[in-house]
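S.K.: Line by line, the protein sequences are chains A and B.
Residue numbers are given in this note's numbering: position 352 of the first sequence equals residue 352, and the series is strictly consecutive.
Residue numbers are given in this note's numbering: position 344 of the second sequence equals residue 344, and the series is strictly consecutive.
Derived by calculation from the structure, the hints in this document are not laboratory data.
Note that this is a predicted model, so its numbers are computed, not measured.
The C-beta atom is built at its ideal place from N, Cα and C for all residues, glycine as well.
Keep in mind that a hint or two might mislead.
[Claimed, not checked] Derived pair list, reagent style DSS-like, types lysine-lysine, alpha-carbon separation capped at 30 Å:
1. A:K56 / B:K233
2. A:K110 / B:K319
3. A:K259 / A:K316
4. B:K319 / A:K56
5. A:K143 / B:K233
6. B:K56 / B:K319
7. A:K120 / B:K165
8. B:K56 / A:K129
9. A:K122 / B:K143
10. A:K165 / B:K143
11. B:K165 / A:K56
12. A:K110 / B:K56
13. B:K31 / A:K56
14. A:K143 / B:K319
15. B:K129 / A:K31
16. B:K120 / A:K110
17. A:K120 / B:K233
18. B:K165 / B:K31
19. B:K143 / A:K56
20. B:K127 / A:K110
21. A:K18 / B:K89
[To be verified] A partial selection of chain A residues facing chain B, derived with a Cβ cut-off under 8 Å:
22. I57
23. E65
24. M68
25. L69
26. M83
27. A98
28. I324
29. S325
30. N327
2 protein chains.
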Amino acid sequence: MSLIVQKFGGSSVADVEKIKNVAKRVVEEKKRGNQVVVVVSALGDTTDELVEMAHKINSMPEEREMDMLMSTGEQISIALLTMAIHALKEEAISLTGAQVGIITDSAHTKARILKISSRKIKSELSKGKIVIVAGFQGVDSNKNITTLGRGGSDTSAVAIAAVLKANRCDIYTDVDGVYTADPRIVKDAQKLKTICHDEMLEMASLGAKVLQSRSVEFAKKFNVPLQVRSSFKNQEGTYIIKEAKAMEEPIIRGIAVNKEEAKIIIKKVKDKPGVAAKIFKKIADSNINIDMIVQNVSEEGYTDIAFTVMKSDLKKSLKVITEISKNIKAGEVLADEKIAKLSIVGIGMKNHTGVAAKMFTALASQKINIDIISTSEIKISCVIKEKDADKAAREIHKAFKLNQKTK
Amino acid sequence: MSLIVQKFGGSSVADVEKIKNVAKRVVEEKKRGNQVVVVVSALGDTTDELVEMAHKINSMPEEREMDMLMSTGEQISIALLTMAIHALKEEAISLTGAQVGIITDSAHTKARILKISSRKIKSELSKGKIVIVAGFQGVDSNKNITTLGRGGSDTSAVAIAAVLKANRCDIYTDVDGVYTADPRIVKDAQKLKTICHDEMLEMASLGAKVLQSRSVEFAKKFNVPLQVRSSFKNQEGTYIIKEAKAMEEPIIRGIAVNKEEAKIIIKKVKDKPGVAAKIFKKIADSNINIDMIVQNVSEEGYTDIAFTVMKSDLKKSLKVITEISKNIKAGEVLADEKIAKLSIVGIGMKNHTGVAAKMFTALASQKINIDIISTSEIKISCVIKEKDADKAAREIHKAFKLNQKTK
Numbered sequence: 001m002s003l004i005v006q007k008f009g010g011s012s013v014a015d016v017e018k019i020k021n022v023a024k025r026v027v028e029e030k031k032r033g034n035q036v037v038v039v040v041s042a043l044g045d046t047t048d049e050l051v052e053m054a055h056k057i058n059s060m061p062e063e064r065e066m067d068m069l070m071s072t073g074e075q076i077s078i079a080l081l082t083m084a085i086h087a088l089k090e091e092a093i094s095l096t097g098a099q100v101g102i103i104t105d106s107a108h109t110k111a112r113i114l115k116i117s118s119r120k121i122k123s124e125l126s127k128g129k130i131v132i133v134a135g136f137q138g139v140d141s142n143k144n145i146t147t148l149g150r151g152g153s154d155t156s157a158v159a160i161a162a163v164l165k166a167n168r169c170d171i172y173t174d175v176d177g178v179y180t181a182d183p184r185i186v187k188d189a190q191k192l193k194t195i196c197h198d199e200m201l202e203m204a205s206l207g208a209k210v211l212q213s214r215s216v217e218f219a220k221k222f223n224v225p226l227q228v229r230s231s232f233k234n235q236e237g238t239y240i241i242k243e244a245k246a247m248e249e250p251i252i253r254g255i256a257v258n259k260e261e262a263k264i265i266i267k268k269v270k271d272k273p274g275v276a277a278k279i280f281k282k283i284a285d286s287n288i289n290i291d292m293i294v295q296n297v298s299e300e301g302y303t304d305i306a307f308t309v310m311k312s313d314l315k316k317s318l319k320v321i322t323e324i325s326k327n328i329k330a331g332e333v334l335a336d337e338k339i340a341k342l343s344i345v346g347i348g349m350k351n352h353t354g355v356a357a358k359m360f361t362a363l364a365s366q367k368i369n370i371d372i373i374s375t376s377e378i379k380i381s382c383v384i385k386e387k388d389a390d391k392a393a394r395e396i397h398k399a400f401k402l403n404q405k406t407k
Numbered sequence: 001m002s003l004i005v006q007k008f009g010g011s012s013v014a015d016v017e018k019i020k021n022v023a024k025r026v027v028e029e030k031k032r033g034n035q036v037v038v039v040v041s042a043l044g045d046t047t048d049e050l051v052e053m054a055h056k057i058n059s060m061p062e063e064r065e066m067d068m069l070m071s072t073g074e075q076i077s078i079a080l081l082t083m084a085i086h087a088l089k090e091e092a093i094s095l096t097g098a099q100v101g102i103i104t105d106s107a108h109t110k111a112r113i114l115k116i117s118s119r120k121i122k123s124e125l126s127k128g129k130i131v132i133v134a135g136f137q138g139v140d141s142n143k144n145i146t147t148l149g150r151g152g153s154d155t156s157a158v159a160i161a162a163v164l165k166a167n168r169c170d171i172y173t174d175v176d177g178v179y180t181a182d183p184r185i186v187k188d189a190q191k192l193k194t195i196c197h198d199e200m201l202e203m204a205s206l207g208a209k210v211l212q213s214r215s216v217e218f219a220k221k222f223n224v225p226l227q228v229r230s231s232f233k234n235q236e237g238t239y240i241i242k243e244a245k246a247m248e249e250p251i252i253r254g255i256a257v258n259k260e261e262a263k264i265i266i267k268k269v270k271d272k273p274g275v276a277a278k279i280f281k282k283i284a285d286s287n288i289n290i291d292m293i294v295q296n297v298s299e300e301g302y303t304d305i306a307f308t309v310m311k312s313d314l315k316k317s318l319k320v321i322t323e324i325s326k327n328i329k330a331g332e333v334l335a336d337e338k339i340a341k342l343s344i345v346g347i348g349m350k351n352h353t354g355v356a357a358k359m360f361t362a363l364a365s366q367k368i369n370i371d372i373i374s375t376s377e378i379k380i381s382c383v384i385k386e387k388d389a390d391k392a393a394r395e396i397h398k399a400f401k402l403n404q405k406t407k
């Protein structure tokens with residue numbers, strides 16, 4: 001008998017029919033003779049209305065109270081899903097984070113899991129029940145309700161799978177796996193049978209929104225066998241596995257396109273020690289996340305510093321940066337929203353040369369100009385014009401022969 | 001410094017503006033130098049939608065899961081109210097039933113409170129905080145979330161007031177107190193300054209929907225000073241007090257009219273021991289509540305048995321009773337929905353004679369026929385035609401001089 005943890009996101013339980021569909025998937029797994037633990041997110045957008053009300057009442061609601069409010073979303077989901085499973089004549093029980101014993105720190109709205117008790121879940125499983133757990137939530141050591149922040153339910157599922165030593169953790173989403181590229185952009189993109197943790201981490205952080213980075217880190221750390229699969233189709237998805245031998249790996253696993261960043265350039269920054277530190281310290285203090293940073297070669301003691309931020313942070317960023325620029329007596333501040341970041345990811349590139357050259361050649365063949373380049377051991381990212389992004393993705397996909405099966 | 005428990009019902013927190021209004025009321029009480037604990041119900045009809053979804057998913061949802069679902073309503077209220085109080089720059093903290101330590105039995109959807117811990121509430125009060133508690137909910141000894149059933153939030157408030165030995169428990173509603181009669185029917189009905197527990201219990205059970213009987217019983221048992229007052233007006237309401245000396249009491253405190261019952265008559269029932277028991281056992285087994293029962297004097301070994309049930313139970317009742325009637329070889333079963341129950345209540349009638357006669361005379365003066373009569377030590381109820389009910393209430397109100405002030 002295997003123990004399977006299944007996680008269903010908000011879009012999978014958005015309405016009555018979808019909840020019934022999920023119940024069916026859960027019961028099928030149980031009927032294969034497995035023990036099943038299910039982690040669910042809040043229904044579709046139930047919590048959006050609550051957040052809106054909260055902000056009408058208090059423009060800066062206390063985070064403890066936001067967690068008290070938000071955690072009701074998952075509590076509703078687990079109750080309804082359990083009722084749907086009962087309607088299929090299977091035994092099931094719903095449990096909140098507090099009832100399971102998911103203990104977190106006290107960092108409300110972005111708490112980190114400290115400990116999960118397996119006692120209650122195991123006891124219910126041993127009675128033959130399917131256990132339905134509220135994702136995204138826990139309690140701190142003083143019984144205050146906490147939430148885990150973005151991607152919290154994925155993290156709950158993987159963490160629960162880790163403490164239960166589950167045979168598999170299946171993340172059900174509205175896509176049927178991880179692809180070599182976004183199939184809406186690259187028509188012959190292939191679904192990957194496997195991808196290793198580090199590759200998945202890069203893909204996730206680069207904008208392939210299949211799994212949250214945090215849950216992948218957890219899976220890597222605790223060696224949880226993870227699968228991403230579709231809530232609506234009945235086929236296998238993509239397994240996220242430990243790194244296999246490089247010999248067998250393709251050089252490139254996939255391509256990610258991220259159109260959610262904007263570029264900011266500070267012109268004529270004095271090229272002396274401590275200036276960059278000053279700039280980025282100030283930005284960090286304003287709680288703005290910076291992605292790529294590039295500094296050009298100095299000319300006559302001055303340099304241009306370019307970096308990317310989330311488009312949603314652009315306005316706030318420009319305000320902060322214009323101020324900094326004045327303080328350090330730098331030149332103009334320019335912004336460009338019409339960019340895209342195109343990245344190739346593959347653990348195989350560690351042992352291969354010429355990967356970057358191949359990527360740049362492919363771009364050049366389409367007369368696409370590269371604006372910023374940034375690399376890591378298993379990733380190469382280029383910032384290009386947004387209008388060129390899809391064409392570039394298709395060209396690179398072809399150049400690396402990602403449209404061939406057997407991944 | 002006094003300790004005040006305030007309870008606000010669902011209609012008092014139905015939208016953002018009303019929640020802000022409640023926050024103001026709470027902060028005013030705190031600014032008078034009092035410690036304040038607030039018990040809130042779920043916002044307006046948030047839970048109605050959830051119940052509807054539940055029934056679309058499972059026509060007979062398990063009660064444990066219903067409690068898991070329903071209890072989110074109050075959790076939402078406490079978070080939002082706490083945020084509204086924070087917006088007024090007062091310190092406050094929300095607590096679920098589980099966080100307070102409201103321990104109940106395991107009778108889901110109608111649990112009874114076994115024990116309430118005062119530790120957490122007192123600790124937060126001592127930090128100068130207003131404590132906002134979710135009404136209607138608790139946990140059983142296995143941490144399962146339970147709900148207290150109808151009027152549960154009133155009961156939560158009174159029970160919390162009892163364990164905290166609060167100086168007062170104020171129940172805020174959409175009426176401004178208990179009246180000698182329904183002011184919509186009897187124009188010169190007077191608001192009562194006081195009413196004793198037993199009178200309030202009778203009034204509540206007779207259909208004066210101001211307070212749930214259960215909370216009044218609790219208040220009586222634990223001697224909690226209770227006040228019913230308006231959420232929207234700033235004046236004193238009605239105090240529910242211990243029985244004062246009968247000498248000072250008016251004979252009649254008030255009149256209640258209940259139009260929610262229907263009458264059923266079983267004709268020609270054999271008048272021998274055990275027949276009534278058989279009938280009412282069967283009805284009780286079907287979970288139908290019976291109110292008044294009257295058996296006429298036997299004629300030639302047969303009798304007619306009449307009783308009242310809630311109109312909402314009438315259809316179900318008739319099905320059960322027609323079957324019983326066949327089994328015991330009784331005659332026809334008749335039903336009448338067009339009835340009303342008119343009751344007068346007053347602890348003073350214990351020591352006065354002629355109260356019933358005065359009531360019946362008042363009815364006779366308007367040519368109103370009495371169908372069924374039932375009495376207790378402090379109450380006389382008559383079933384009359386529904387169309388006569390309002391006229392009868394006005395006539396009796398006048399006869400007992402209830403329109404005079406100084407109650």
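S.K.: Hint by hint, say whether it matches the structure.
M.R.: Now the hints, each set against the structure:
1. A hinted pair counts as satisfied when its Cα atoms are at most 30 Å apart, and A:K56 with B:K233 qualifies at roughly 24 Å.
2. Annotation: proposed proximity of A:K110 to B:K319 is violated, straight-line Cα distance about 57 Å (limit 30 Å).
3. Restraint check: the Cα-Cα separation between A:K259 and A:K316 comes to about 19 Å, which is no more than 30 Å; the hinted pair holds.
4. Simply put, B:K319 and A:K56 have alpha-carbon atoms about 51 Å apart, too far for the 30 Å limit, and the pair is violated.
5. Between the alpha carbons of A:K143 and B:K233 the distance comes to roughly 37 Å, so the proposed pair goes past 30 Å and is violated.
6. About 26 Å separates the Cα atoms of B:K56 and B:K319, which keeps this hinted pair within 30 Å; it holds.
7. Pair hint A:K120 plus B:K165 does not hold up; C-alpha atoms about 36 Å apart against a cutoff of 30 Å.
8. For the proposed pair B:K56 and A:K129, the alpha carbon gap of about 23 Å is at most 30 Å, so the pair holds.
9. This hinted pair checks out: A:K122 and B:K143 have alpha carbons roughly 16 Å apart, not beyond 30 Å.
10. A distance of roughly 25 Å separates the Cα atoms of A:K165 and B:K143; the hinted pair therefore holds under the 30 Å criterion.
11. For the hint linking B:K165 to A:K56, the alpha-carbon distance of about 36 Å lies beyond 30 Å, and the restraint is violated.
12. Pair hint A:K110 plus B:K56 does not hold up; C-alpha atoms about 34 Å apart against a cutoff of 30 Å.
13. This hinted pair checks out: B:K31 and A:K56 have alpha carbons roughly 24 Å apart, not beyond 30 Å.
14. Note on A:K143 and B:K319: the hinted pairing is violated, with a Cα-Cα distance of about 50 Å set against a maximum of 30 Å.
15. A threshold of 30 Å between alpha carbons decides the hint, and for B:K129 with A:K31 the separation of about 51 Å lies outside it, so the pair is violated.
16. Restraint check for B:K120 and A:K110: satisfied, since their Cα atoms lie roughly 25 Å apart, inside the 30 Å limit.
17. Using a Cα cut-off of 30 Å, the hinted pair A:K120 and B:K233 is violated, with the two alpha carbons roughly 49 Å apart.
18. This hinted pair checks out: B:K165 and B:K31 have alpha carbons roughly 20 Å apart, not beyond 30 Å.
19. Straight-line distance between C-alpha atoms of B:K143 and A:K56 comes to about 34 Å, which puts the hinted pair past the 30 Å bound.
20. A distance of roughly 26 Å separates the Cα atoms of B:K127 and A:K110; the hinted pair therefore holds under the 30 Å criterion.
21. Restraint check for A:K18 and B:K89: not satisfied, since their Cα atoms lie roughly 43 Å apart, outside the 30 Å limit.
22. Interface hint status for A:I57: upheld, as the beta-carbon distance to the closest one in chain B is roughly 5 Å, under 8 Å.
23. The beta carbon of A:E65 comes within 5 Å of a beta carbon in chain B, closer than 8 Å, and the hint placing it at the interface holds.
24. Restraint check, A:M68 versus chain B: the minimum CB separation of about 4 Å is within 8 Å; hint holds.
25. At its closest, the beta carbon of A:L69 sits 4 Å from a beta carbon of chain B; the interface hint therefore holds under the 8 Å criterion.
26. Interface hint at A:M83: satisfied, since its Cβ lies 4 Å from the closest Cβ of chain B, which is below the 8 Å cut-off.
27. Interface hint at A:A98: satisfied, since its Cβ lies 7 Å from the closest Cβ of chain B, which is below the 8 Å cut-off.
28. About 33 Å separates the beta-carbon of A:I324 from the nearest beta-carbon of chain B, more than 8 Å, and the hint is not met.
29. Against a cut-off of 8 Å between C-beta atoms, the interface hint on A:S325 is violated, since the closest Cβ of chain B lies about 37 Å away.
30. Hint status for A:N327: violated, given a least beta-carbon distance of 34 Å to chain B, over 8 Å.
Of the numbered hints listed earlier, those contradicted by the structure are 2, 4, 5, 7, 11, 12, 14, 15, 17, 19, 21, 28, 29, 30.
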